[in-house]
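Asks: As a plain string of letters, each chain reads:
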Amino acid sequence: MSQSFDVVVIGAGPAGYVCSIRAAQNGLKTACVDNWKSLDGKHAFGGTCLNAGCIPSKALLESSEMFHKTQHEFAAHGINVGNPHMDVAVMQARKAKIVSNLTGGIAALFKSNNVTGIRGTARLLKNGNVEVTAFDDPKQKEILEAKHIVLATGSEPVELKIAPFDRKDIVDSWGALEFANSPKRLGVIGGGVIGLELGSVWQRLGSQVTILEAMDNFLFMADQQIGQAAAREFKKQELDIRLGAKVTGTDKGKAGISVHYEDKDGKHDIVVDKLIVAVGRRPATSNLLEEGTGVKLDQRGFIQVDEECHTGIKNIWAIGDCVRGPMLAHKGSEEGVMVADLMAGKVAEMNYEVIPSIIYTWPEIAWVGKTEEELKKQGIKYKAGSFPFAANGRAKAMEAATGMVKILAHADTDEILGVHILGPMASEMIAEAVLAMEFRASAEDIQRTIHAHPTLSEAMHEASLAVDKHAIHAINR
Amino acid sequence: MSIEIKVPQLPESIPDATLVSWHKQAGDAVKRDENLVDIETDKVVLECPAPVDGVLKEIRIQGGATVTAGQVIAILEPGVVAAEKSATALTASSKPPAAVINETATTLTKSSAATVSTPASRSDMPLSPSVRRLVEEHQLDPAKIQGSGLDGRLTKGDVLEYINKGGELPASTGSVTQPAQSDAKAATSMTRAVSDNRENRRVPMTRMRARIAQRLSESQASTVMLTSFNEVDLSKVMELRTRYKDKFEKQQGIKLGFMSFFVKAVVEALKRYPVVNASSDGNDIIYHDYWDISVAVSTPRGLVTPVLRDADQMSFAEIEKSLTDMASRARDGKITLEELTGGTFTITNGGVFGSLFSTPIINPPQSGILGMHAIKERAVVVDGQVVVRPMMYIAITYDHRIVDGREAVLFLVSIKEQLEDPARLLLQI
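Protein chains in written order, with our numbering: chain D, 1 to 477; chain S, 478 to 906.
Hints may contain errors.
The calculated DSS-like cross-link candidates involving lysine-lysine, where the alpha carbons are at most 25 Å apart (straight line), are [as the list claims (entries may be wrong)]: (1) S:K811 <-> D:K147; (2) D:K29 <-> S:K798; (3) D:K126 <-> D:K141; (4) S:K811 <-> D:K346.
Hint data in this document are derived by calculation from the structure and do not stem from the laboratory.
Throw the hints in and build the complete structure from the sequences for me.
Replies: Written out as structure tokens, the structure reads:
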């Protein structure tokens with residue numbers, strides 16, 4: 001049995017499904033093949049982002065943060081609720097509903113845009129066709145012919161040999177989202193974005209969390225001033241983050257899981273009830289390509305592509321987490337849009353320089369562009385200005401006066417080179433910076449743009465003034 | 478206050494020059510930097526731009542005359558005539574250029590220094606707040622500054638760089654229209670004589686445009702194209718349309734246009750001269766026993782040719798409906814690749830844009846294309862009498878490698894005969 005399309009997209013995560021919808025809107029006959037299996041065995045579109053990543057984690061972060069507020073913030077407002085209790089089952093049910101709502105939404109979008117959604121596992125054959133093994137029946141195979149093929153198979157969590165997943169007590173990020181109760185003692189290997197977010201969730205719900213990060217710097221990819229300020233905040237929240245801690249082995253016993261690690265002070269052990277391994281993700285390309293397709297993988301398994309996401313084999317493209325670049329949903333989505341436009345003969349390009357990164361802890365961390373360290377390393381002359389939320393009226397009214405906005409601008413041209421935010425709603429505030437940087441705005445452009453009062457965004461305004469040592473609401477040093 | 482327009486400084490060792498031709502007449506409004514007249518020397522042709530906006534009050538020396546450097550050739554009355562005021566106000570008070578050919582330009586600059594500077598208004602590209610501030614502070618003309626930002630916008634850095642460089646363009650932009658022997662030194666001293674605001678916008682072709690360009694080049698390179706013409710008296714067709722258009726629209730649900738008549742006439746003619754419907758492939762001629770007519774449609778992104786498949790089996794209404802549907806989908810970018818490929822013969826209508834007479838290019842691998850043009854009432858002779866008829870020139874461009882003149886000409890005659898007597902469309906003769 002064989003069907004023929006203009007475009008076949010393999011993977012229905014944020015890169016794949018967006019590419020499919022855009023391709024269909026461009027008039028191309030499109031199919032999107034996906035094999036995600038939910039915990040209940042059913043199929044769902046949306047990939048890691050909707051099912052086991054972005055969305056469920058944000059739902060849990062929201063619920064847990066709200067619970068945290070009842071215990072730590074309500075009193076300041078004069079609200080007395082006694083001893084609030086967390087019903088984890090209800091929290092999980094809410095999350096599951098949101099996920100199913102959104103994944104069902106993708107199926108609906110496919111339908112309304114005439115994208116043929118196919119439930120199955122796809123493989124690129126060397127003759128250029130796509131072989132699909134049906135989701136419900138591994139013996140049922142069909143061949144898809146396509147003029148263009150887009151590989152968007154995403155990524156999967158890296159597993160450690162010294163702490164292999166057992167889906168119960170030693171879990172990956174997906175497993176960490178599904179705990180039925182908050183573990184008493186929770187260990188997290190990996191203090192990056194995912195480890196921090198997941199650790200935060202359960203810590204707010206009562207777990208004693210220990211995060212073991214192998215690097216000596218906390219959040220090494222972020223601006224260090226922000227990183228260190230964040231570390232201080234997390235310490236205040238009693239999130240135990242141990243840096244320079246390299247895990248050497250684990251043992252499971254009756255008392256729990258023993259985690260052995262080494263740091264500059266020597267060898268240590270901790271015992272936890274559950275262990276999350278969040279040391280990174282690797283591209284999911286292992287069974288994707290038949291021998292001889294000509295599509296090249298690098299030594300880490302990423303599909304090699306040029307700046308237009310073209311693999312080098314005619315009409316075969318790759319986007320999202322399975323190719324180079326930050327493993328971010330919005331990066332995958334925009335690559336999907338670019339490729340869908342290129343396939344339709346339009347002009348399209350991606351700007352990789354201005355992609356925002358966000359960590360949804362509390363306080364949130366968000367940044368776009370270069371860090372101070374990167375500018376120093378590249379020898380670029382810059383000036384910096386920052387403004388603390390402690391001096392921002394809205395933040396104070398929100399009981400959230402923590403963190404700062406920091407803007408880095410070129411010393412000569414004043415062009416904004418990087419913006420870094422630690423604080424409330426950093427995830428939303430960063431959008432102003434991204435837009436400004438797309439238009440190559442200067443710090444002065446932000447200075448001369450009216451920001452409403454009272455808002456958190458005024459901190460961006462003041463930070464831009466601080467770049468030139470003209471902040472109104474802070475002492476300029 | 479009037480300005481004397483003088484012959485610019487001539488390149489070294491050239492005693493005199495010829496005033497070639499005036500681009501403007503006395504009384505015309507002129508804009509700053511607009512070329513007023515070409516001045517030709519042995520080596521180069523120079524332009525003489527207007528130093529400011531205004532009206533060319535008087536031309537003192539006519540075209541063809543010999544002139545010498547510094548000679549007054551016209552009088553310009555400065556004044557705001559065009560809609561854009563701000564550019565003038567700003568430039569007038571900007572720093573005087575280094576090499577000056579017209580003292581009057583300097584005089585003008587000085588006298589306008591007292592002009593109250595108006596805030597920089599938006600030019601084509603909106604200016605960001607910091608750029609606006611710099612432009613106002615330094616009395617700059619944004620149009621003179623190279624923008625490196627998104628879509629060519631000015632960034633603060635662009636403006637700062639411009640200011641740091643003294644607010645001038647580098648001397649080498651002095652442009653001459655005909656560098657027979659480019660005299661570099663002359664070019665430098667000529668900098669101020671020519672417009673210093675020439676910008677070339679390099680825009681990469683869209684993929685679609687590039688593809689169209691490539692296909693047309695290939696068509697031209699691989700076929701031997703020749704065009705033959707004829708004319709059609711469309712009075713009988715128009716009469717038919719007028720008589721039945723309301724009924725047609727009511728009963729068939731679509732307007733009765735011209736295309737259905739042409740498609741039907743074309744299909745009949747193709748049946749009679751099948752080689753025009755064929756394609757060439759190496760040393761073979763491939764005859765097609767089907768008639769898929771491509772119809773050229775203009776879209777914002779370029780020309781596309783949706784195909785009417787088996788046009789011989791389509792009725793007038795079906796042809797009109799299909800064309801309307803495909804044309805609107807093509808314009809919205811919603812047409813599929815399948816609908817655009819194939820086709821054994823093409824019809825293109827330049828008449829919708831007003832073309833009277835043209836030589837269309839063949840769409841490979843087809844061997845012929847019919848060009849329709851504008852319908853114009855013309856005086857023609859019928860039975861010895863001069864009458865007014867709505868006439869259309871029709872053209873067939875054919876691939877002479879497989880189609881001979883005889884077939885092409887007779888093909889066109891057949892179309893003419895069918896359209897001039899529409900009963901023949903019905904009877905297929």
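Asks: Check each numbered hint against the structure and report the violated ones by number, ascending.
Replies: As far as the earlier hints go, not one is violated by this structure.
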